[in-house]
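Could you build all of it, start to finish, from the sequences and the hints given here?
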Amino acid sequence: MRVMVAMSGGVDSSVAASLMVDAGHDVVGVTLKLWSGPDGEAPTAGCCTVSDAEDARRVAAQLDIPYYVLDYTEEFRDGVVDGFVDDYVSGRTPNPCIECNRTVKFDRLLNSLDDFDSEVLVTGHHARSRLEGGLWHLLRGTDLAKDQSYVLSMLTQSELSRTRFPVGELTKTQVRARATEVGLRNAHKPESMDICFVGQRDYRTFLRDTAPTAFQPGPMVSTDGSTIGSHEGVVGFTVGQRRGLGVAVGEPRFVIRIEPETATVVLGERKDLAVTGVSLRGVTWTSGPPDTARVVAQFRSHGEPVPATLNEDRLIFTHPQEAVAPGQTVAFYDGDRLLGGALIERTFP
Amino acid sequence: MIYLDHAATTPMRPGVWDAMQPYSNAVFGNSSGVHEVSRRAKNALEEARERIALAIGAQPREIVLTSGGTESDNLALKGASLNSVPRRGVVTVATEHEAVLETTEFLRRVGFPTTVVGVGGDGAVDLDALVDAVDANTSVVSVMFVNNETGAVQDLTRIVETVKRHDPYVLFHSDAVQAFSSEIVDVEALGVDLLTITGHKFGGPKGAGLLYVREGTQLEPIIHGGGQELGRRSGTHDVAGAVGLATAMEAAIRDRGRFRSQVAQIRDDFQKRLSAAIDNLIVNSPETSRSPQHLNVRFPGVRNETLLLRLDRGGVAASAGSACQSGASEVSHVLEGMGLSATEARESVRFSFGWDSTTDEAIEASEIVVRLIEELR
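Quick note, the sequences are listed as chains A and B, same order. Counting in our numbering, the first sequence runs from 1 upward without gaps. Counting in our numbering, the second sequence runs from 1001 upward without gaps.
In short, the hints are calculated from the structure, not lab data. Please note: incorrect hints may appear among the correct ones.
To be verified - If you want a taste of the chain A side facing chain B, the calculated C-beta under 10 angstroms gives, among others:
#: 1; residue: Asp64
#: 2; residue: Pro66
#: 3; residue: Tyr68
#: 4; residue: Leu70
#: 5; residue: Thr73
#: 6; residue: Asp117
#: 7; residue: Glu119
#: 8; residue: Cys196
No residue lacks a Cβ here, since even glycine has one placed at the ideal position from N, Cα and C.
Here is the structure:
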């Protein structure tokens, strides 16, 4: 089988490529050039600053597979970065890695398989896919601490049938052991935790540089409506935030809500963070909607799954939840099996 | 593999490697030393310099040996801007190589006045705009001889003459990196003050190039140190590289007549075959005033990135334009400069032929291209 491996230069996708080569597949490696600089800064020269791509290139050479760098900067800017800025301006909490999966990797790249004469896309995600009864299912990765099924929760049959996740069958320790065994140069490379286009800067600095007009000063009010301070722009805040609020009022205060229309940041106590339910948009199901309204929902990559009841686009929690914010992704599970995903539109107190 | 990317780099010509070998082995001396092995290296270096000078109609002391085209372009523009003459500005053209454009951009950023003028649809520089941009503060005008992406050949003699008539004191630099295989490069006939050449584009080694600096031209060095190259470029000499450069220049000159007719014929035949078999193929390269090596074409509806990797798989090496470190194919500033949209530029591919290209491989490559375009459309 001819397969295309999306290689980031990290150890997971490198091992994915190595596993595919060993399985006897005809492998081509690609790295997506998504943003102009590794740390997000615009490079001074017109081209050529993909330092991570160098690791991927070297691994591809070691595996003796053809390797290309694809320029997806336009797609990434339109599909991910613009939305990231819009979301913060609108008081939402975006997850750009999920948007990148949705709009770039499992859309544009996946749909270019034909161009590469390839049948499937292989990535280094920690998740497992299974074909059972004619349907593809997505399971949590073997290494639960590294499980990435949450960021893949938008995938449906169309994408899953054309994608493979070989690394999800292994623990991270096994991945590194395998990389060492094969002699991959990045076997011990640390994991990147930064948002690729923001880099090691604070994301607020990125927003300030990218969307300076979005910083409109406004009031900070308490839940009873009384003004307790002011701020330089809602873009600098996320729901649940406790630090750096710039107000000093005896007991701990949290951002409860952001009202972009009036540039208002609402502060409250911890108990005010409790959310009884959310409304959803863009709901997708991995292999069709579940039979029951009783689901288990997860709001962060390694968040605790919580029981809830789904009623059309409303999700009501069995127990109120803290720090659930508009813009976040919710993933639905049945045990280890991913059922689907959605974006949170609104939260209900 | 059929190699049609000779404008990126071309194989060494026969005899070049053999001529270089002794200076990496037996005659390994530092040409700046005081003993026997150094003297032999120094002699070889100066003999190579004489041959190099002769090959472009210059005097040996007018040759500054460098690491190649990018360094020579940097030295020409920065060296001319920073010299003791109180002129500071740079005037250049939108379709130049990045080595010139990014150097110009650097000079602009640190406060030097710069102007970048446009070209017509045929890639020919807008001469009126060029002359208009030159004022009493312009230190150097830089116009490339043959464009690396399209093969457009500028009427350099006339451009130099016109600019010099307008302002006799302005320095004129030309990046002639793509020209040496096919064009007569005679610094007297061209009238340039500074000229860039690099060995690996016509069968010499990589890492060996030169900047011609007309006698009397003031140039501030950009690499300081031991004062080699009459203080204009410090650093231990690459004697083997200089010998290889000289040998390749002589070979290229001897072969130039054949190259002009035969490579052009192979290229034209390739172009005809594509045009005959592929609907609405568009040739971006100018019809006249084009180097015999280059063919830049657009396949409407086919993204070049896709075509290039299909070609790679099919055994044909081509490119989208100038090679950059990441290997990502970016929108060509040259084609955009000639008026193409970003989408059109992304549908364009450069095939470039070289001294060892053959008719048979060009025919085979044309068949592969035609088949892939049919598949992709």
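task: Could you tell me which of the hints above the structure violates, numbers in ascending order?
output: 1, 7, 8
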